[in-house]
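Novice: Throw the hints in and build the complete structure from the sequences for me.
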Amino acid sequence: VQNAGDVAVALRTLAPDVPMVVGMSLGGLTAIALGARRPELVRKLALVDVTPGVDREKAAPIAAFIAGPESFESFDEILARTIEFNPTRSESSLRRGVLHNAVERDDGRWVWRYQRPRLVETAEMPDFSTLWDDVSKLAMPLMLVRGTESGVVGDEDVAELRRRQPDVRVETVEGAGHSIQGDRPLELAQLLADFLER
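Going by the numbering used here, the sequence shown opens with residue 177, and the numbers climb by one from there.
None of these hints come from the bench; they were simulated from the model.
Hints may contain errors.
[As the list claims (entries may be wrong)] Under the rule of at most 20 angstroms between Cα atoms (straight-line distance), these lysine to any residue pairs were calculated in the SDA-like manner:
#, residue 1, residue 2
1, 313, 184
2, 234, 263
3, 234, 327
4, 313, 346
5, 234, 351
Specialist: In structure tokens, the structure reads:
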């Protein structure tokens, strides 16, 4: 919810008339909170492979990847780990992603550019289920895009989403894992463009 306040400031300052907010994973949960609290900033909302039903079990593969080594002996080692945890992505896509998201230190070791989330160090998973009440408050058109190879959004989550938002549009992308934008970018872009036009 704190992230939603920060995003609200950014949107209000940089893009107050944005026609749609798209949130993936934690960004999607943040977007739900934003839409419930600042609906004037969210005209349409697209969630990419996330609902408030995400829990420790569903997020385990993501947490395992993030909780991995803090540094790697070589680019090939960091790439191999990335491939291991992203079986639905092409190697060329992952190579490009690692080059953008990792850096070689002066000692030759490779590290991620991001700061490790505190939840990795504390082994605590936030309880996002309270955001279901925020889902009920959403007053804008809503779409969920889920990947067939992802375990983050279960059928029970889709059912709860439909119960709280009967007009929600739910799309499934074949062959995509949690990172739909990396696995099937063209399909996701088409779904988002279509949702934006309606």
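Novice: So, for every hint listed, does it hold in this structure?
Specialist: Structure-based check of each hint:
1. 313 <-> 184: holds, 17 angstroms
2. 234 <-> 263: holds, 17 angstroms
3. 234 <-> 327: At roughly 6 angstroms apart (the allowed maximum being 20 angstroms), residue 327 and residue 234 satisfy the hint.
4. 313 <-> 346: Distance of about 18 angstroms is within 20 angstroms: holds.
5. 234 <-> 351: holds, 18 angstroms
This entry satisfies every hint, going by the numbered hints stated previously.
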